[in-house]
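Just so you know, the sequences run in chain order A and B. Residue numbers in the first sequence follow UniProt numbering, run continuously in steps of one, and reach 270 at the last position. Residue numbers in the second sequence follow UniProt numbering, run continuously in steps of one, and reach 316 at the last position.
Treat each hint with caution, since some may be false.
[Said to hold, decoys possible] Which chain A residues stay away from chain B? Per the calculated CB distances, all over 12 angstroms, these:
id, residue
1, THR9
2, PRO10
3, THR11
4, PRO36
5, SER117
6, PRO246
[Unchecked claim] Short, incomplete list of chain B residues facing chain A, as computed with Cβ under 8 angstroms:
id, residue
7, HIS98
8, VAL100
9, TYR187
Simulated from the structure, these hints should not be mistaken for laboratory data. Every residue gets a Cβ at the ideal spot worked out from N, C-alpha and C, and that includes glycine.
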Amino acid sequence: MATTQTESTPTTYPTASGGTLASTVPVGAVYAEGSPLHWGASLVEGAVVLDEEVAPNAPWSAVVKEGHILTIVDVGGNQSGDCLLYDADDPEERYSVPDTLAWQGNAYVRTGTVLRSNEGRPLMTVVANEIDRQDTIGGACGKESNTLRYGHHVMFHHGCRENFLAEAGRRGLGVRDIVSNLNWFMNVPVEADGALGIVDGMSAPGRRVAVRAETDVLVMVSNCPQMNNPCNDFNPTPLRMIVVDPQGAGSPASPVAGRLGSATTPKDAA
Amino acid sequence: MTTAEEPTATAPHDQDPTGQPSGDVTAQDVTGRLSAGVRDLHQTDSVRSAQDDARAQGGQASEWMPYLPASGSPHCPPGVDPATLVWAETVAPGGYTHKVLARGTRLRFDDPTGDACAHLLLFNALEPAERINVADTQKIPWQAYLGESHPLLSGDGRVLAVITGDSSGRHDAFCGTTTDAWNERKYGDARPHGPSPSGRGLFLKAAAKHGLSRRDLPPSLSFFQGVRVEADGALAWRGSAGPGTHVELVAEMPLLVLVANVAHPLDPRPGYVVGPLRVHAWRSAATGPDDPRFTATPELHRAYLNTVDYCEARGL
């Protein structure tokens with residue numbers, strides 16, 4: 001999507017129901033034809049209890065039961081999955097960046113990182129991770145904050161903050177519940193002088209991270225619509241969310257068993 | 001209870017309704033304070049004598065107190081006309097404070113002993129759903145470490161405040177403040193009225209006084225105790241720059257300010273060591289278009305344009 005739209009000639013977009021629609025509304029890009037996509041599979045054995053696609057630019061949420069393990073597949077590579085966690089029974093207890101960092105004494109999220117709440121308690125634990133490190137410093141993009149970074153001309157862009165607000169609304173939550181978040185598959189190094197920024201990612205199509213719920217956790221994800229920084233290679237692609245019960249019978253999930261209604265259907269899905 | 005004979009003998013924290021110090025005092029201390037000799041100095045056998053006794057206790061000073069009016073502060077910052085002060089207070093170790101400030105107010109924190117740690121939350125006083133966003137505060141200026149000219153940004157693309165002076169350079173935007181779970185593990189106690197209160201516990205009390213609750217508490221900043229990120233991501237404690245440093249902010253919007261003066265989460269000392277924190281605020285002006293800071297960077301310029309846009313529409 002170009003950053004400015006000066007003419008009212010309709011553009012043809014794919015719709016959620018699989019058709020096409022001519023529209024003058026500037027919407028976020030759907031990933032380019034021919035993008036390499038690797039749909040992956042669960043990182044852990046167990047009975048699949050949920051297997052859903054998150055469309056590019058779209059929000060998603062689900063409750064992951066205590067002991068269940070969520071695998072997030074970076075289907076197209078370097079697609080930031082902005083993520084917030086809440087105690088499902090008490091959403092006022094939610095993910096806390098500073099508590100997560102202070103308890104582990106490190107700024108980055110890796111295998112073994114305990115994702116802690118604002119009360120200091122474990123919400124989830126990273127049990128497997130296929131990239132060097134995950135980010136929880138950079139926070140989310142949003143319409144207003146994008147104007148600071150890129151200019152007022154991008155105010156019309158959809159952002160993760162807007163996705164979070166939409167998904168929070170569906171769960172009875174609101175703006176007060178949106179705090180600093182995780183960014184799966186995003187790379188935000190902090191240099192010696194404190195300089196930091198979102199730089200080229202370390203992920204690739206099919207790379208995965210797996211997190212185990214330490215209590216019943218509401219997981220909220222924004223599949224980042226950001227089109228102004230390299231977090232998604234300027235090509236937003238799907239994410240796949242697979243939840244397994246490791247105590248249940250079954251094998252690693254293979255095909256995409258269920259899709260969100262709002263998801264576009266990729267032609268080259270496994 | 002504070003008595004005329006023991007003006008500063010009690011802990012600075014809240015006490016339980018029995019009047020007994022509930023902090024780290026020994027049974028012997030308690031016995032001493034409740035001894036018949038001290039008690040006999042207070043005549044409270046009637047309402048009138050109780051009134052006289054209470055009134056006789058007024059007018060004293062302690063190390064940690066608000067100065068009212070603010071112009072009477074014994075610690076007015078250099079170069080500031082005391083008549084312009086709107087807030088002057090020394091926050092106790094393990095204490096907290098809060099204030100609503102007008103746009104354009106200057107806010108200064110002083111660390112006289114080198115052991116203060118000012119944990120800070122800022123909200124748009126008119127719409128507290130707009131509040132400090134630590135991720136944006138680090139990401140948008142491309143800089144994780146707080147210092148001179150660093151904007152403190154909301155999640156709504158506006159400048160809540162900007163750092164206008166910093167003689168410390170030891171601050172932290174990574175670790176937030178302490179939780180009860182953290183302090184119970186580290187010190188064995190996290191009660192707000194105990195010997196090692198958590199920052200979150202104090203923020204909750206300050207927030208409640210403005211109708212806010214734990215949903216409204218995002219990650220916070222802290223001043224005067226530094227942390228650096230090493231090459232492998234490790235968070236390295238740098239501690240204080242020593243006694244006598246200060247940090248100054250200017251409120252670019254109407255602000256609700258919550259402050260907790262508690263030990264930093266990564267403070268490696270086995271004890272809970274915090275010094276007093278001095279707070280002063282005085283009437284001044286928000287950063288205007290003629291100030292070099294207004295256009296210092298493209299990001300800051302647009303943040304100021306957004307802020308002025310909001311304030312002008314609001315009639316501020």
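Beyond 12 angstroms from every chain B Cβ: check whether that's true for A/SER117.
-> 8 angstroms, violated
Would you assess whether A/PRO10, listed as outside the interface, keeps its beta-carbon beyond 12 angstroms of every beta-carbon in chain B?
-> 31 angstroms, holds
Just double-check A/THR11 for me: nearest Cβ-Cβ distance to chain B has to come out over 12 angstroms.
-> Holds: least Cβ distance 28 angstroms, greater than 12 angstroms.
Non-interface claim for A/PRO36 versus chain B (Cβ beyond 12 angstroms) = Given that every Cβ of chain B is farther than 12 angstroms from that of A/PRO36, nearest at about 29 angstroms, it holds.
Looking at A/THR9 again, its CB stays over 12 angstroms from all of chain B?
-> About 30 angstroms separates A/THR9 from the closest Cβ of chain B, which puts it past 12 angstroms; holds.
Double-check B/TYR187 for me: the hint is only fine if its C-beta lies closer than 8 angstroms to a C-beta in chain A.
-> Since chain A brings no Cβ nearer than about 13 angstroms to B/TYR187, farther than 8 angstroms, the hint is violated.
Go through the hint on B/HIS98 and say holds or violated, using the shortest Cβ distance to chain A against 8 angstroms.
-> 18 angstroms, violated
Supplied contact hint for B/VAL100, tested at 8 angstroms Cβ to chain A | 19 angstroms, violated
Minimum Cβ-Cβ distance from A/PRO246 to chain B exceeds 12 angstroms = 27 angstroms, holds
Figure legend: structure checked against the earlier numbered hints; hints not met, in rising order: 5, 7, 8 and 9.
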